[in-house]
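Chains as they are written, first to last, in my numbering: chain R, 35 to 380; chain G, 694 to 1119; chain A, 4 to 57.
Heads up, a few of these hints could be off.
What the hints assert, rightly or not - Once the Cα atoms are required to be at most 16 Å apart in a straight line, the calculated EDC-like pairs of lysine to aspartate or glutamate come out as:
(1) G:1026 - G:1060
(2) A:36 - R:295
(3) A:44 - R:255
(4) A:44 - R:325
(5) G:824 - R:212
(6) R:258 - A:48
(7) G:743 - G:845
(8) R:258 - R:370
(9) A:37 - R:215
(10) R:258 - R:162
(11) R:272 - R:315
(12) R:135 - R:106
(13) A:37 - A:27
(14) R:338 - R:325
(15) A:44 - R:329
(16) R:366 - R:341
(17) A:37 - R:315
(18) R:135 - R:97
(19) G:1026 - G:1058
(20) G:999 - G:886
(21) G:969 - R:220
(22) R:138 - R:162
(23) A:37 - R:373
(24) R:258 - R:373
(25) R:188 - R:200
(26) A:36 - R:325
(27) G:824 - R:215
(28) A:44 - R:331
(29) A:36 - R:296
(30) A:36 - R:329
As the list claims (entries may be wrong) - Pulled a few chain R residues facing chain G out of the computed Cβ check, cut under 7 Å:
(31) 158
(32) 197
(33) 199
(34) 200
(35) 207
(36) 208
(37) 210
(38) 213
(39) 219
(40) 223
Source of the hints: derived by calculation from the structure; they are not laboratory data. Even glycine gets a Cβ: it sits at the ideal position worked out from N, Cα and C.
In case you want the letters, here they are:
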Amino acid sequence: MRVIYYLNQFFGGRGGEEAAHLAPHIQDGAVGPGRLFEQILGAGAQVVRTIVVGDNYAAEHVESLNALAVQEVQQCQADLFVAGPCFEAGRYGMAAGTLCKAVKASLGVPVITGMAVENPGVDMYRSDIYIVDSGTQVQAMRDALTTMARLAWKLINHQAVGRPREEGYIPQGMLRDDFVEPSAAERLVAMVYAKTIGQPFESEFISPTFSPVPAPAPVVDLSKARVALVTDGGLVPKGNPDKISPYAATNWGAYDISGLDDLHGEDYEVSHRGYDTRYVEQDPDRLVPVDVLRELEQAGVVGKLHDCFVSTSGLANPIANSRRLGREIAEKLKAEGVEAVILTST
Amino acid sequence: MPLVQSMRLTLAYHPVTDICFGATTQLQGTTLEISEAALRQHLLEDRRLKHVDLAIVRPGEACRFGVVFDIVEPRAKEPGTGPDFPGIIDPIARVGEGITHVLQGAAVSVLDAAAPIAGGQLVEMSGDAGKACPYAAFVHLVVVPHVASALERHRALHALRLASTKAAVYLGRTAVPHAPADSAVFESLGPVETNRPGLPRLAYIGQIHSRQRVAEVDEQIFYGANTAGMVPVLLHPNEWLDGALVTSYFNRAVETYFYQNHPVITELYRWHREGKITLVGTIATMAGSDNDDRARNAMLAAHQAKWSLAAEGIILTKYGGGAPHADMALTAKLCEALGMRTAVQASDMSQDRRAESALLFNYAEVDAIVYVGGNDTRWTVPAVPRAIAGTPKAAEALRAAQVLDAGRLCGVTNQQGASHLRAFVH
Amino acid sequence: MPVAKMVGSNRIVQGGGIVHVLGDPDLPQEEEKKLRHDILKRAFEALQHTAEHG
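With the hints as extra help, turn the sequences into a complete structure.
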């Protein structure tokens, strides 16, 4: 079995923080943790190539590094790509995550890495790849590698992967059904009994914690600010040129309003199934208030109304999707000099 | 005479292993013999019915049937100990006391001939899907009432409801002259219990309808009433078990069978009998039609649990679709704020199978969740030689090999606590 | 409003109702526009102040 192994500058034996700028250094055979991993994997497994990259370099050259990793795996006809374990090292975790994801997506080759739950790489990549819970202690290296090796074998042999706790990986957040011996009623009584008498219990579901979005600083001078209008109410030009879906939309559109001081119902339609759309269809300003914003712009209250408004549909939109849409819209508007956004939501 | 008496219900079990059509309607050992003609005549007293098809389906048969309107266990009260389905069949009087005879192992399954077969609730009697379906273990009398085509939909549904209860009681009465093979006693004093000190006081708050769908004027759900305008109400646990409740027409993943054999209530009773808890009572509530309705019902239910039941722990279940989770969660949140600990049962609401998208509520204190899955589970079922449905065309569609989602199979993703499915986070 | 709070939005201003966030069809046009002004005024005030976590 042929393995390609990725390490950062520290675990690759090239130095500490002072070596974080290191460009990719590729060599034949195993290095550091890779040697131990090889042994644990057993059955004639061989780390054929090791890629060592400085954490800062990796953070600044994501695209080219992904391409490099994919190329190496392809050229060496590797059966497995391994990165880390990264423990708490954040830049290392992000690099390991992006590389594993890229190799898996491009080549379908099994990938495995390990991180501590707190590592930022976990939140980013947990649903794309299996990340073994390595904990924060580097002293647990052997245990982490052992768990990684065991899971790697399952992936290579196309065996079914069990639950996170059984297999040692960080929950990917994907739901899978199983039949269990006790009925829901039996589980309910046992659970409420434990909770009522103050004993520990294990909920079958843990509500997602939405990590707080740090509030951007207030707008310093509104009379100089460029303000954009964004909506999740699904207002689109007649004909819905970008084919924004009324339900679980996967895209957004930006629509020109330069020179307009009012939105007319006959020019627009609404792609959204979650509310009665006729009031907005009568007068789109009820959702995207171009009329008032233009007046405020002319009165000097607001510096500039941005030349376009951005629209998508928020109905039944999975959070992962909404997150991506929001990020894309924010990046676009920021690049266009927008300082503040009025987001109208139905 | 004690000032306060407990409510005591005895279920007298008469096992049934087979059903056959014969000259008379009687229980012969463990075989229920049914006179088709007599039963038909009994059901056709309702002039809205043109005719009624009757069929027997046995466990393990390569057979499936649907669309299921409801499944009811054949039962009848020992004469003089209370009404059968008060408000529907018998005059209003309290249930949950005396003796109720149960034809255990049999089921009356009424089909809705007018409901489209696509997506409708089914029973699968064999194969892997059958193994998962609790109703596959029973011997069924499948009843397909056919109404006059001009009949308004709500009247047709009422005719189905009436037929389901009448048939169940009619058959249940065959057990009355016989000695039961076994029996179970359900007895509790309710919240005024003082002789069980130190035991956690547990209660159940169950939704019995969701106002996402407005109940028909003549829809009978609760002691024959349609629940319009109702606010949460205290019920003795025995009332759920003994005919106070039937499912509403919005019957996804609920059957009257699992009111009669309510999984949560029977499990609470089991712990109560074993001396581990005190079952102090139940509250029947509805999922609201708007935010005010939701807020009002949640508040009233939580307050009744606290100040009338003096409950310490509460189990909550919901009825209907997705929005009722919000009602259940809000009720639980208010219970927690009043110092009562809660556990809730959530159905699978994930569109993309991601845990973060799955729940429709998020309160830190509502952290004891039983998660019944279902969106991940389906069976590829083979063509079967026999399918029973409302029309020949529907039966043909049902007979064919196809993929059946777990949510379509009665009992599998059950909302009354009967489900053995669990959604795990991977 | 509840969802916006739940996912951690920092600056939330209540609008005129789900089906007409910045409007009210029951009002005459002039009044409705004034309502729109008022809602947006509150929004701009929020943008010019440090967000409070609520």
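Next item on the list: Using 7 Å as the Cβ threshold, decide whether residue 200 of chain R counts as touching chain G.
Entry: violated, 10 Å
Margin query: Does the closest beta carbon of chain G sit nearer than 7 Å to the beta carbon of residue 213 of chain R?
Written below: holds, 5 Å
Margin query: Holds or violated: residue 258 of chain R and residue 373 of chain R, Cα atoms, limit 16 Å.
Written below: OK: residue 258 of chain R and residue 373 of chain R at ~10 Å, within 16 Å.
Item checked: Given pair status - residue 1060 of chain G, residue 1026 of chain G, alpha carbons within 16 Å -> Roughly 10 Å separates the two Cα atoms, so the pair holds.
Margin query: Take the shortest C-beta to C-beta distance between residue 219 of chain R and chain G; is it under 7 Å?
Written below: Status holds, d = 3 Å.
Note to self: Hint residue 197 of chain R vs chain G: min CB-CB distance below 7 Å?
What the structure shows: holds, 6 Å
Margin query: Does residue 97 of chain R sit within 16 Å of residue 135 of chain R, going by the straight-line distance between their CA atoms?
Written below: Distance of about 12 Å is within 16 Å: holds.
Notebook entry, point to check: Given residue 208 of chain R as an interface hint, is the shortest Cβ-Cβ distance to chain G below 7 Å?
Noted result: holds, 5 Å
Margin query: Run the distance test for residue 824 of chain G versus residue 212 of chain R: straight-line Cα separation, threshold 16 Å.
Written below: holds, 14 Å
Margin query: Does residue 315 of chain R sit within 16 Å of residue 272 of chain R, going by the straight-line distance between their CA atoms?
Written below: Holds. Residue 272 of chain R to residue 315 of chain R sits at ~10 Å (cutoff 16 Å).
Checklist line | Hint consistency between residue 366 of chain R and residue 341 of chain R [alpha-carbon to alpha-carbon, up to 16 Å] | finding: At roughly 13 Å apart (the allowed maximum being 16 Å), residue 341 of chain R and residue 366 of chain R satisfy the hint.
Notebook entry, point to check: Does residue 36 of chain A pair with residue 325 of chain R here, judged by a C-alpha cut-off of 16 Å?
Noted result: Cα-Cα ~9 Å, so holds.
Going through the hint list in order, the structure does not satisfy hints 9, 10, 17, 23, 31, 33 and 34.
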